[in-house]
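Residue numbers (the working numbering), protein chains in the order written: chain Z, 13 to 336; chain Y, 13 to 336.
Among the hints, erroneous ones may be present.
What the hints assert, rightly or not - In silico contact screen, one side only, chain Z against chain Y (beta carbon under 8 Å); selected entries: (1) Ser55; (2) Leu56; (3) Tyr57; (4) Asp94; (5) Ala184; (6) Gly188; (7) Gly190; (8) Ala275; (9) Val277; (10) Ser320.
By construction, these hints were calculated from the structure, which means they are not laboratory data.
Here a beta-carbon is modelled for each residue, glycine too, at the ideal position from N, C-alpha and C.
There are 2 protein chains.
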Amino acid sequence: MLDVLAIGDAVVDVIAATDDAFIAEAGLVKGSMRLIDQGEARSLYALMGQAQETSGGSAANTVAGIAALGGRAGFIGQVADDQLGDIFSHDIRALGVEFRTPAIKADVPTGRCLILVTPDAQRTMNTFPGASHQLKVAALDREQIRSAAILYLEGYLLGPERPRAAMREAIAVARGAGRKVAFTLSDIACIARQKDAFLELLDSGAVDMLFANEQEILAISGCRELAGALAVMERKVPLLVVTCGERGAVAVEAGTRFDAPAAHVPDVVDTTGAGDLFAAGFLTGRARGRSLPDCLRMGAVAAGEVISHFGARPLANLKELVNP
Amino acid sequence: MLDVLAIGDAVVDVIAATDDAFIAEAGLVKGSMRLIDQGEARSLYALMGQAQETSGGSAANTVAGIAALGGRAGFIGQVADDQLGDIFSHDIRALGVEFRTPAIKADVPTGRCLILVTPDAQRTMNTFPGASHQLKVAALDREQIRSAAILYLEGYLLGPERPRAAMREAIAVARGAGRKVAFTLSDIACIARQKDAFLELLDSGAVDMLFANEQEILAISGCRELAGALAVMERKVPLLVVTCGERGAVAVEAGTRFDAPAAHVPDVVDTTGAGDLFAAGFLTGRARGRSLPDCLRMGAVAAGEVISHFGARPLANLKELVNP
Numbered sequence: 013m014l015d016v017l018a019i020g021d022a023v024v025d026v027i028a029a030t031d032d033a034f035i036a037e038a039g040l041v042k043g044s045m046r047l048i049d050q051g052e053a054r055s056l057y058a059l060m061g062q063a064q065e066t067s068g069g070s071a072a073n074t075v076a077g078i079a080a081l082g083g084r085a086g087f088i089g090q091v092a093d094d095q096l097g098d099i100f101s102h103d104i105r106a107l108g109v110e111f112r113t114p115a116i117k118a119d120v121p122t123g124r125c126l127i128l129v130t131p132d133a134q135r136t137m138n139t140f141p142g143a144s145h146q147l148k149v150a151a152l153d154r155e156q157i158r159s160a161a162i163l164y165l166e167g168y169l170l171g172p173e174r175p176r177a178a179m180r181e182a183i184a185v186a187r188g189a190g191r192k193v194a195f196t197l198s199d200i201a202c203i204a205r206q207k208d209a210f211l212e213l214l215d216s217g218a219v220d221m222l223f224a225n226e227q228e229i230l231a232i233s234g235c236r237e238l239a240g241a242l243a244v245m246e247r248k249v250p251l252l253v254v255t256c257g258e259r260g261a262v263a264v265e266a267g268t269r270f271d272a273p274a275a276h277v278p279d280v281v282d283t284t285g286a287g288d289l290f291a292a293g294f295l296t297g298r299a300r301g302r303s304l305p306d307c308l309r310m311g312a313v314a315a316g317e318v319i320s321h322f323g324a325r326p327l328a329n330l331k332e333l334v335n336p
Numbered sequence: 013m014l015d016v017l018a019i020g021d022a023v024v025d026v027i028a029a030t031d032d033a034f035i036a037e038a039g040l041v042k043g044s045m046r047l048i049d050q051g052e053a054r055s056l057y058a059l060m061g062q063a064q065e066t067s068g069g070s071a072a073n074t075v076a077g078i079a080a081l082g083g084r085a086g087f088i089g090q091v092a093d094d095q096l097g098d099i100f101s102h103d104i105r106a107l108g109v110e111f112r113t114p115a116i117k118a119d120v121p122t123g124r125c126l127i128l129v130t131p132d133a134q135r136t137m138n139t140f141p142g143a144s145h146q147l148k149v150a151a152l153d154r155e156q157i158r159s160a161a162i163l164y165l166e167g168y169l170l171g172p173e174r175p176r177a178a179m180r181e182a183i184a185v186a187r188g189a190g191r192k193v194a195f196t197l198s199d200i201a202c203i204a205r206q207k208d209a210f211l212e213l214l215d216s217g218a219v220d221m222l223f224a225n226e227q228e229i230l231a232i233s234g235c236r237e238l239a240g241a242l243a244v245m246e247r248k249v250p251l252l253v254v255t256c257g258e259r260g261a262v263a264v265e266a267g268t269r270f271d272a273p274a275a276h277v278p279d280v281v282d283t284t285g286a287g288d289l290f291a292a293g294f295l296t297g298r299a300r301g302r303s304l305p306d307c308l309r310m311g312a313v314a315a316g317e318v319i320s321h322f323g324a325r326p327l328a329n330l331k332e333l334v335n336p
């Protein structure tokens, strides 16, 4: 029995420190995520400085965090049979996450995310999804989906055709087994492209828990301020969780709103993975039947750890941080 | 015109934090470097925790440091045409190092070094050299060798047959052009295996500068204490440079000995690359005609930076650290 099974991008992060001038010259929008093709991945990489590689992927980071917190987590995502695929598979399994999706032998390599981190700790992400967008319905392990209390889905993967079909099938399997479905809106650019698909999913009643940041919840609700957006969106999902960066996070359930502060982080180095790890802490608490304020606190602690260093996977002992 | 051209292993480091129990259970000797084959690389990797990847290779780390210090550096080393080879090639070029050795299309993949870092900051290295040991004489760029004031060679590569032949040819080309040759003994295990070859090289008068740590200089000299080892070895090379960990470093030239302290590092995290970056600082100073005490100081500062974080390549602005 798993606490959480996630479906998401299976990519390796390629992280380099840079300055604002580089972001401007490369024509990038700081803080954004955009999809790039293999050619652009090659040309951008050639311009980037010396990098370090760590496994990434938004929902994959979340289950990595859940496993690090002692939760039982699984992951479904598509890598290719290549060296980056080996790295991704090794890292997620090394954390104790159940990861069984077979690598594909294909012309499409394992995806990667070229991440530029500026001195203000902001990250600008350029994702070449590669094999990740080749995730098919046939790759789903239905028994594994039925074995998880919560199915956690990444909005990034609701765009491309094959993974969208796989995610819809996974939702049907999970709901058929009486499991809960959680969904993250992932990124403002996803909403711009997929707003109708996202709203259709939410309005179908298929989502029990929605994760978003403030920008995303404003964009999907069409509201100008948070209170209005919460009011619109809480009618669509039983549990709504919104992160607001250094101003903390909010959860709304059954008409009641809970606010919690962000963790105090003296030296924010790289904000990559903040939302992913917030979800990890929150979901771990939820799986253990903790109160909403405690779930919010656990999310804040896990997010605080991951922004204190380069890379979107936790390095410190999260268990000790969350339960000191 | 290059200040330094290095020939060395072209590998990607795979670094994971671990504890002493893991080192003991895996039957490893803490602080050592050993060569492993692909099968063992696979089985050890499967046991390791979540890792991060950064470009490595001893002499490659040294030229990376020289470039970071503003020196003109080149590198000759063999990668395969695969994803790890792309990472190695990208990173060394991103630092401004001239790296032209074509990748080989072969069954042998790019080499990697599985590095386990214990809480005492000690690193235990397990190197699968892969394509690195396929470096052939034909891969040498003779014009590039003639263009460098100093040819810097890594002892690790004097063992395997093909790279040994390439290094010997490179020495002949460099000396024929009136260039200086520097050599590092690399590791105590290399000396155990290659003592005769190392001594033959040194006794031939082909080496102008010898780099070693204390363990290595004792092993090659057959002496029990440093002063004796220095006395034996200074007769073999015009310039002898020996690092002694936190006790600093020594240089002997023309019968005169200079001692310098190590840099003060409040929080030593990972000692991987300490000797490589010491050589980088020292050689950069030497290329600029600095005094031996100043070369030793520059070496200590560069080594101090690299042991303050994970990974064997400098992250901070070395130029500013060395010339505050």
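Hints, verified against the model:
1. Ser55: 12 Å, violated
2. Leu56: Violated, about 11 Å.
3. Tyr57: With Cβ-Cβ at 6 Å, under 8 Å, it holds.
4. Asp94: Because about 6 Å separates Asp94 (chain Z) from the closest Cβ in chain Y, which is inside the 8 Å limit, the hint holds.
5. Ala184: Because about 32 Å separates Ala184 (chain Z) from the closest Cβ in chain Y, which is outside the 8 Å limit, the hint is violated.
6. Gly188: For Gly188 (chain Z), the interface hint is violated, since the closest Cβ of chain Y sits about 34 Å away, which is over 8 Å.
7. Gly190: Where the cut-off is 8 Å and the nearest Cβ of chain Y is about 33 Å from Gly190 (chain Z), the hint is violated.
8. Ala275: Cβ of Ala275 (chain Z) sits 22 Å from chain Y, so the hint is violated.
9. Val277: At 18 Å from the nearest chain Y Cβ, Val277 (chain Z) fails the 8 Å test, so the hint is violated.
10. Ser320: 13 Å, violated
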